[in-house]
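Undergrad: Spelled out from the first residue to the last, the chains are:
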Amino acid sequence: MTDTPAPRHIPDRLDKPFNSAIFSWEALLVAVAVAIFAVNSFASPYFLDAWSLSDLTFNFTEKALIALAMALLIISGEIDLSVAAIIALASTVMGMAVQAGAGTPVLVAIGILVGLGCGAFNGLLVTRLGLPSIVVTIGTMSLFRGIAFIILGDQAYKGYPPSFAFFGQGYVWWVVSFELALFLVAAAIYWFLLHRTSFGRRVFAIGNNPVAAQFSGVRVGRIKFILFCLTGLMAGIASVLITSRLGSTRPSIAQGYELEVITMVVLGGVSILGGAGSILGVVLAAFIMGLVTFGLGLLNVPGIVMSIFIGLLLIIVIALPILWRRVRRERFT
Amino acid sequence: MSILKKLMVTAALSAAMFVNAAYAENVKIALVVKSLGNGFFDAANKGAEEAAKELGDVDIIYTGPTKATAEAQIEVINSLIAQKVNAIAISANDADALVPALKKAMDRGITVISWDSGVAPEGRQLHLNPSDTNLIGETIIKLAADYLPEGGDVAILSASSTATNQNAWIDAAKKVLPEKFPKIKLVATVYGDDDSAKSTDEAKGLLKSYPNLKAIIAPTTVGVVAAAQVVTDENLIGKVNVTGLALPSEFKKFIDNGASQAVALWNPIDLGYSAVYLAHDLAVKKEEAKPGATLSIGRVGKITLDDTNSAAMAPPFQFDKTNIEEFSKIY
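Protein chains in written order, with UniProt numbering: chain P, 1 to 333; chain H, 1 to 331.
It should be emphasised that the hints constitute simulated quantities derived from the structure, not laboratory data. Note that CB positions come from ideal geometry on N, CA and C, so glycine has one too. Heads up, a few of these hints could be off.
As the list claims (entries may be wrong) - Dumping the calculated EDC-like pairs for lysine to aspartate or glutamate here, alpha-carbon to alpha-carbon at most 20 Å:
#, chain 1, residue 1, chain 2, residue 2
1, H, K321, H, D256
2, H, K84, P, D154
3, H, K67, P, D49
4, H, K180, H, D146
5, P, K158, H, D146
Claimed, not checked - Residues of chain P clear of chain H, computed beta-carbon distances all greater than 10 Å:
#, residue
6, T104
7, T127
8, L143
9, I151
10, L180
11, N209
12, G221
Bound conformation, chain P alone:
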């Protein structure tokens, strides 16, 4: 009589490749995007129009550019809530430069550099002083926008040179706007950086276990600093785009963008706790949010109902895989 327990089944891999492709987050997002696209096409006769679809992309490209860098930052276990405030500050400084007679190339350089500088400031506070990023960036969120408000008050900067309008209003080919083209190029670069370089592997390693990463020789502080700089840089680029699109600067510019950026990242399957996520997911999430808001806009659905839809979408997309895993686990045990 032996009562040796039955050998425990230890899988040699978590999922079969086919299964993992079918049930991956990205596949789910593709399905959601296709479904929304189909519903929109049926619901409104105006949806399937090249110019409508082109206008649609303006709803998300600026936020999505920031979401690319934010995804890396969140994967590494940090967050930046000051991105919208960085846009406001960079835009304000560009406005000052216009008053001083700066031309388009100088303006673009200023916007990007101010963004980079703000990102570096966040990065220094987090990595050098060891402060939690959520606290630091809540602080700098008020700081950066506060500076913009002090400089501008209730005034607006106008008079951007006509050539500056290209970045936010121009088209590179037919209906493909400069903003959309820039976003697609940036997405490819970030995909390569995160999924095909050792830098990307280190970002995942830090997010999964910063202490283990540190002991494995990863320079955690330096990589986090670079990620904050990248996020600031993308916010600076977004600032150039939105300033160009609006043709003016007010200190309230891009108010509330930080939450929409983070929603995109989370909807894209990036773990808010860090350590997991993909650029493809974030890109798909950006398109989904654009499709939902534009599709509902065509039906003249009030904005508050739109927010409810986005909220529901977020909960459903996040809950589905968890429920699915639970169902499967119950079936196999």
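Chain P is fixed; fit chain H onto it per the hints.
TA: Frame of chain P, contents of chain H only:
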């Protein structure tokens, strides 16, 4: 009737309805507001619907963002351009930032006018002011001064610091202060962002910082309710008079309890009505908006455009104990 016949009749009927929809298409006029869920704009929509009924061939699309920002309003404008509406009548969250989006709308053949809160001249064909900026500036100070024969400290609780119209009124108010109301002293201007919670905090802050405050002037329907509630809650009725621009239905209880002596507002119903009339004048009757032109606004009368293609509808209307009951039932 056989099932087949029923099906065929249904199909024919629905086909006929589609044809109707395609051929008898009404003029689509979009009434775009700063943000939805605001009683003032809902009242404007009532007027818009009234005008649509009078004009006959007009469908009103009443829309606007949830957040009162220029960026959100541009998304609304883009979706209206895609729907190929005939005209957009907008109350703007930002005079300049909407210009590129509205220019695009005009390039695609859409009539664009602004009303209530204006857009810079290059972004619209004409602008309808609810009233005259100087007149409103003077009225909001007068509302406070009428009940302060001895004079005293007053403060302004405004909407957001970027709101086009509030800023213009406050500037006009500051201009008339020294000559017409020398005893009234404006001690502070604070911004509640048209948000109830923030307006409440700002009103409390004013009462703390300026113990001698005699009146709070809130030229915004959100701010004035928040301020009156704070004065009521802190038992300052009779000491601090709240006044400004208020919707009678929202504000009636504060006239009744004495937190406020009187408030003023133009008639938002007339405003929405006139905006739709003007959009119709330009889009359908093809009348030209140019300086000096006189346009009809139906039962409200006529307006004449000035050098910047803008015009004033009517002077603000005062509500106090004698008439608040009546108007609170309207809007």
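Undergrad: Does each hint fit the structure? Answer for all of them.
TA: Here is what the structure says about each hint:
no., hint, result
1, H:K321 with H:D256, "holds, 7 Å"
2, H:K84 with P:D154, "violated, 34 Å"
3, H:K67 with P:D49, "violated, 27 Å"
4, H:K180 with H:D146, "holds, 12 Å"
5, P:K158 with H:D146, "violated, 40 Å"
6, T104, "holds, 16 Å"
7, T127, "holds, 32 Å"
8, L143, "holds, 18 Å"
9, I151, "holds, 13 Å"
10, L180, "holds, 14 Å"
11, N209, "holds, 39 Å"
12, G221, "holds, 35 Å"
Hint check: violations occur at hints 2, 3, 5; the rest are consistent with the structure.
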